[in-house]
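Number of protein chains: 2
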Amino acid sequence: MSDKNACWVLADHPDGMPTLETWRFEERDIPSPEDGQVLARSRWLSVDPYMRGRISKQANYAGGVKLGEVMHGGAVAEVLESRHPDWKPGDLIETIGFGWQTHAAVSGDGLTRVDPALGPEHAWLSYLGMPGLTAQIALDLIGKIQPGETVLVSAASGAVGQVVGQIAKIKGARAVAVASSQDKLDWCRELGFDEGINYRETDDLPGAVRAACPNGVDVFFDNTAGPIHDAAMQNLSIGARIIICGTISLAGQFDAPDMGERFMRKILVSRAVMQGFLIFDHQEKYDAARRDLSAWAAEGTLRFKTDILDGIEAMPQAFLNLLMSQNFGKQVVRVDE
Amino acid sequence: MSDKNACWVLADHPDGMPTLETWRFEERDIPSPEDGQVLARSRWLSVDPYMRGRISKQANYAGGVKLGEVMHGGAVAEVLESRHPDWKPGDLIETIGFGWQTHAAVSGDGLTRVDPALGPEHAWLSYLGMPGLTAQIALDLIGKIQPGETVLVSAASGAVGQVVGQIAKIKGARAVAVASSQDKLDWCRELGFDEGINYRETDDLPGAVRAACPNGVDVFFDNTAGPIHDAAMQNLSIGARIIICGTISLAGQFDAPDMGERFMRKILVSRAVMQGFLIFDHQEKYDAARRDLSAWAAEGTLRFKTDILDGIEAMPQAFLNLLMSQNFGKQVVRVDE
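Protein chains in written order, with our numbering: chain A, 848 to 1184; chain B, 848 to 1184.
Wrong hints could be hidden among the right ones.
Note that identical chains are pooled: a pair holds if it fits in a single copy or bridges any two copies.
The calculated DSBU-like cross-link candidates involving lysine-lysine, where the alpha carbons are at most 35 Å apart (straight line), are [what the hints assert, rightly or not]: (1) K935 with K1152; (2) K1018 with K851; (3) K851 with K935; (4) K1152 with K991; (5) K1132 with K991; (6) K1018 with K1132.
Just so you know, these hints were derived from the structure itself, not from any lab.
Just chain A, with the same shape it has in the complex (with noise of 0.2 Å):
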């Protein structure tokens, strides 16, 4: 084991897509935990569509990372040293702000305890952690699935949507899938998605919506925004939901007005509902979902495909690999198990 802490810290706010060199790699004094917190050593980095917004020039809903600050990230991390009465060496944790880092001293507060018996490990980063909580309660909030309904996720097989699809199955919705490739589609059909549209494939977005809900959208979960938010838009069923969760098809232009065709009259006519969604706001949902979502997991009628790399120095690639949809699953980095 290094006895320094290897991180990324920002190089660069970009202007448009990150490249490799938008962070530098850099090897720090491992940090004394302060009095109230834990020193913890990464095992399992989570790589996720909002480190987007953290990095841009302009504000955002959560404050941007600074240059030469470490990348902000969350992680599943070892207990190695803890000044907090909750925590001692050798407990496992997940915490969204650990940082893309192989050691953090962070606050003992907020975080939360892994129950390995409930998952691997990194499924604390992803069904039964952010994402996989943001499917659920933004269903239950927002979504309210009615049996019989047909349910459009973008991003479908990525951390968030493969989950989307299987709770709009159990809830007896059909759920048609987005996604960039066959194969992505294919692991989808796996999964129990009734229909599929490779958008990379079709010069006709918004007839290929059509074709895959004759009946209308009246879900959609919205995780890139852009041209296949723009075709679910034009199939509304009357009284949809519209949740968005995720913009990661601005990715490139994140700073830039998002010029395009705007909507209102589509919201007027069907009398829909779209509403912003950040899992941050609902943490006192957090248990309940995840008890959900373990149960589905364990019955094996929740199933989740993850996309893994090793090592800390694979971090700014996989960040990269994420945004320009060339994982397959929910993307995590694997640094020292």
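Guided by the hints, dock chain B onto chain A, whose structure is given.
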């Protein structure tokens, strides 16, 4: 009294802004009521933005008007002859299903009984009718105004907007008006609005909204879409509610895509809710809402400006005035009081 039915029929489906030639004046035979119908004579005809949608070539939430068909519209009318047990000659009714004409035979089911004790007859087309009910019910269901919040209203001196602003004040919120002239803003001030923006006199609408709503827009009651909508979306508070009630700024480009800046990231970052609202979905709430509105009007808390033109001949001009924001207050036409 004429022994003919004077009416306006649709002569053309306009591509952009309608003109006086969009309708054709005709005199037809006065219809005879069938069993279950009443024959009624219009006293007040309503002029409303939704009518633009009815003459669109494209499908809409309410069936469009066909060429040669009498133009759709609401009226306060007097029953001349009844073949329905609920109605007798002399009764006053309000119905959305009357049409731009002096006489109509309409189903006796689903008509609203006009009680002159609650307000002037034409109020049943304005603050006791669809516009007032829209303001009150949409704010109740979607707006959920809290004391101290900021409510921004487009077309603020219009039929819906006037009521929205006054309800915002009743609920203890700040009300900010957007309108097309200083006269209209002066009227809004008289009604109690705290601030006003003349959108025709500013080069920086987002900046004007920011100045008038320094803590952000908590509730945006949107009657216009277009640039005013865009400016509001730049200034949402966290948890903002956006009521999509009308899109009158699109009247001249109704069947063309509404191109501009999309705002998925704003919806996401603000965790905003945007919802389309159509009053006809909420008929079970009319009676309670009308009780509130008439009580506020009786005590002087709710005031209302109506723009009256005379004679059925004036209908197309009255409607064009509305589309071009040349009316001042709720537009009605007095046919035969």
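So, going through the hints one by one against the coordinates:
no.: 1; hint: K935 with K1152; result: within (32 Å within a copy, 70 Å between copies)
no.: 2; hint: K1018 with K851; result: neither (49 Å within a copy, 58 Å between copies)
no.: 3; hint: K851 with K935; result: within (22 Å within a copy, 92 Å between copies)
no.: 4; hint: K1152 with K991; result: within (25 Å within a copy, 41 Å between copies)
no.: 5; hint: K1132 with K991; result: both (16 Å within a copy, 23 Å between copies)
no.: 6; hint: K1018 with K1132; result: both (19 Å within a copy, 30 Å between copies)
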